[in-house]
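Peer 1: Residues per chain are reported as follows:
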Amino acid sequence: MCTDLIYTSRAMRILHKIFVSLKSAIILIAILTTLSILGTLVPQNLDAVEYIRRFPRIGHWILSLGFDNMYRSAPFQTCLWLLSISTLACVMTRWKSTYRKLSARLEKANGKEIKAYEAGRSLSGVLNSNWQDKFDKLKTDENGVMIGLKTSGKISLFGGMCIHIGLLFVLAGGLVGVYLGVEMVVRGSKGDIVPIAPVAAVRAARDADRLARAARNIREFSSEDPRLNELREQIEALHTQYKSGMASPAFRIGFDELWVENYQAPDGRTMGVKSWNSRVRFIDENHESEPVTVMVNQPVSYGDYTFYQSSWNKFYRRVQLKVEFVGDASASSQLAVDTSVFPKNIELKLKEPFNSDWSPFELVMVDFMPDFRIINDRFVSVSSELNNPAAMIVAYDHDGNIVGRAWAFPEDRMSLAGHVSNMPFRFTFVSAEPEYESGMQMAHDPGTPLVWLGCILFTFGMIMSFYVPYREKWLLVYPNGSAYIAISGNRSANLFSDDLLMLEQQLTETDKEPSQHV
Amino acid sequence: MYETWIFGFSMVCYILAFVGFSANISLDRRNLYMPSRAVAWAGVFAALVALAMRWQSAGHPPLSNMYESLVTLSTFIAFAGLVFTRNQPLPMLEAGTCVTSILMFGVASVFSTDVKPLIPVLQSYWLHLHVSLAFVGESLFAIAFILSYLYCFRKIMTDSAEKSNFADFREKIACYSVVVGMPVAFIAGMILLARYLSLHPSYSERWLGLVWGVILPACVAMVVLILLVWMYRGTVHKGVEKWLPDADSLDKMIYRAIALGYPLFTVGGLIFGMVWANKAWGRYWGWDPKETWALITFLVYSIYLHVRLARGWNGTWTACLSIVGFIVTMFTLFGVNYLISGLHSYAN
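Chains as they are written, first to last, in the working numbering: chain A, 80 to 597; chain B, 3 to 350.
Source of the hints: derived by calculation from the structure; they are not laboratory data.
Warning: the hint list may mix true and false statements.
Stated by the list, open to error - Partial list, derived from the structure: chain B residues whose beta carbon lies under 7 angstroms from chain A:
1. Val242
2. Lys244
3. Ile273
4. Ala279
5. Ala282
6. Gly284
7. Thr294
8. Leu301
9. Leu307
10. His308
11. Arg313
12. Gly317
13. Ile342
What the hints assert, rightly or not - Keeping only pairs whose Cα atoms sit at most 27 angstroms apart, straight-line, the calculated DSSO-like set for lysine-lysine is:
14. B:Lys254 / A:Lys229
15. A:Lys191 / A:Lys213
16. B:Lys174 / A:Lys102
17. A:Lys229 / A:Lys180
18. B:Lys174 / A:Lys269
Said to hold, decoys possible - Counterexamples of contact, computed for chain A against chain B with all Cβ distances above 12 angstroms:
19. Leu144
20. Trp160
21. Asp220
22. Val249
23. Glu262
24. Gly270
25. Glu364
26. Glu583
Glycine residues also receive a C-beta, built at the ideal position from the N, C-alpha and C atoms.
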């Protein structure tokens, strides 16, 4: 029992020594620096197969060390925890030395220490009568040497501690954010009312996403891994929690109005987006807020969340088309269509069926691409501007079978459509009204106040440490009447030469009236 | 339009000032010092006027793209160099800040000078606070870098004269690596940048400007300087003895520059950046490459301050740390924008 205690206390002493040591702190900072560099060089949060494909030799290492999500990996988090402990140990050690300096600086000082200061010299003149007034405290040591001390800029002694306490707060706030904070994007178009789940439900969704990614990575290597079942159950439980949160949301957000402001050139051209704006309302069970405008750099808080305008999407839900009857298309051979009604203008809504008396088919615009391109054999839209609009229309019969497909392009590009249309109608793009979708980042981070407090402390600490000079002005008066002055502080000794000269003048100048010169 | 001419005038001033400072050192003409300083001040004022004109015409501070960032930083460096030496003449440092500003302006001229309206996320007063304060900090890091370079140069020159200046062989290697390696690293970096620009059609033939305007002159200047220093090493040694303070004083100056720059960079680059990110993106920290590299810069200088203040390190190794810190700073400014994509990619 006694031996155990001895071992424990020895281990504690060793641990204390390690954490108090500056060397450990520097090593930890150096490791964190290296890991941070790696985190920017290794692509983050890809699927496991991607790492194996991109880095065939070290992919397995990246995955097993967790470097695919570096800043949440065990090595990185461990370093952060160790640095926090080391900083705490440093604060405690500093507190002791600062307290000693503040409370008993003169009591602990001795002549030998003062004479060892780089900025110091013997007084050439004789001390004036009121020299004692120039010092805050005086004492006489065991050798009969009188020691005087005057200090200034004491606040700078707290600088180092403030910096380290600030860093601790920042780290604590960061850790609180990592474990309790949530982020999510809500999207909505004009008129939409989107439910916002309570924080616990969003946290469940976040955890489910993380587990799903882990499960995907495990499955890539072994689809029979027994951990998969356990993960699946956990994910399902978390999904259920999220769904129940969505079923009884904390509140709803109504998108009343979305608009974009553009820069205008003198000739009236638009020169890019100036601002994206969303006017929204927050609706909960018994209350509806006044409409508020959310803009980039102007977030709005409601309930547990803060909403930030983070993205903007322009899309086209309604497209105006001109329809003409073409008798020679394959699907038209057995149709009896009144050709006198053509050409006809229609409006199709994206993915909504359109029935008419002039067509035996149900038409659905399955896709609309405002800036149509064919890249690598795939149909894509390269922007949200109507540079090369293309609508894909599918025709269904009464049984829901596809009976024809057609593309609609602007009039001047309709020659393309002939190659991809097998309907008895020719569709020409006329116009499309843009609609906007606002993407708002919603965040809840209970660690943020701690981080700001830490930043404030850190800033004040730096100001105190680097910009407030701390001075200790010393005087030694020996029993034989000779005197020695010295200055120490948190600046290099060569900066004290002027102060030293001034102190000497103050201590040796006589109390005569200054002479008048004409 | 006019501001381009004024920037050009400012560069001419820096070149004249550099020539003046060099003549002051090499010909031992003390009376050239103050005129050279006056010319350098004229260059700084001209650049400040040009920046103000650009600000006025664009409606936002010139901090929103690579060209604007580089000309602003080059002005800040020249300004910081002159302020830093106001009480203690140090023509070698002043010449160094002139060269750094000229090179930065040379690199800046490769990028588009067009004034573009700010994207929504940049329309914030935090742009002024975050970027400008970070640049002031970085310009002081540049001063520390030049002083560290001069420190290593002085150590080598003193060593060649006294044969026993270095405490050990590793220190000697470190000093030679800095003095020879830094210009080589700069040229290698510029070649990489030219290669990157040549592969991107949007930069058209601008990379040729980098080759003819920066890389070739830098190579020629480097070779000529090495030859001159080698041929006249006795004279150079005397000049160094006369015009450079002793290694200890240089070391203290490096510390002073970093002690001034570190709080400004931390507050401007990191803390204000965090506040702005929280307002714009909904989180104060997202491990975006730019953020991470700013943190790495902060960590490197934190190591410098810890080893110097608490462990009492000084001399060659802390000078090397200061050099590493500035390389990281420059990578944060350039490398991250071109090699790693992230939320700060608009800075391209």
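Peer 1: All hints are to be evaluated individually against the structure, with a verdict given for each.
Peer 2: For each hint, the structure was consulted:
| no. | hint | verdict |
| --- | --- | --- |
| 1 | Val242 | 20 angstroms, violated |
| 2 | Lys244 | 20 angstroms, violated |
| 3 | Ile273 | 5 angstroms, holds |
| 4 | Ala279 | 10 angstroms, violated |
| 5 | Ala282 | 5 angstroms, holds |
| 6 | Gly284 | 4 angstroms, holds |
| 7 | Thr294 | 5 angstroms, holds |
| 8 | Leu301 | 5 angstroms, holds |
| 9 | Leu307 | 9 angstroms, violated |
| 10 | His308 | 6 angstroms, holds |
| 11 | Arg313 | 6 angstroms, holds |
| 12 | Gly317 | 14 angstroms, violated |
| 13 | Ile342 | 6 angstroms, holds |
| 14 | B:Lys254 / A:Lys229 | 26 angstroms, holds |
| 15 | A:Lys191 / A:Lys213 | 22 angstroms, holds |
| 16 | B:Lys174 / A:Lys102 | 24 angstroms, holds |
| 17 | A:Lys229 / A:Lys180 | 13 angstroms, holds |
| 18 | B:Lys174 / A:Lys269 | 69 angstroms, violated |
| 19 | Leu144 | 17 angstroms, holds |
| 20 | Trp160 | 17 angstroms, holds |
| 21 | Asp220 | 28 angstroms, holds |
| 22 | Val249 | 9 angstroms, violated |
| 23 | Glu262 | 6 angstroms, violated |
| 24 | Gly270 | 23 angstroms, holds |
| 25 | Glu364 | 26 angstroms, holds |
| 26 | Glu583 | 22 angstroms, holds |
Checked against the numbered hints listed earlier, the structure breaks hints 1, 2, 4, 9, 12, 18, 22 and 23; every other hint is satisfied.
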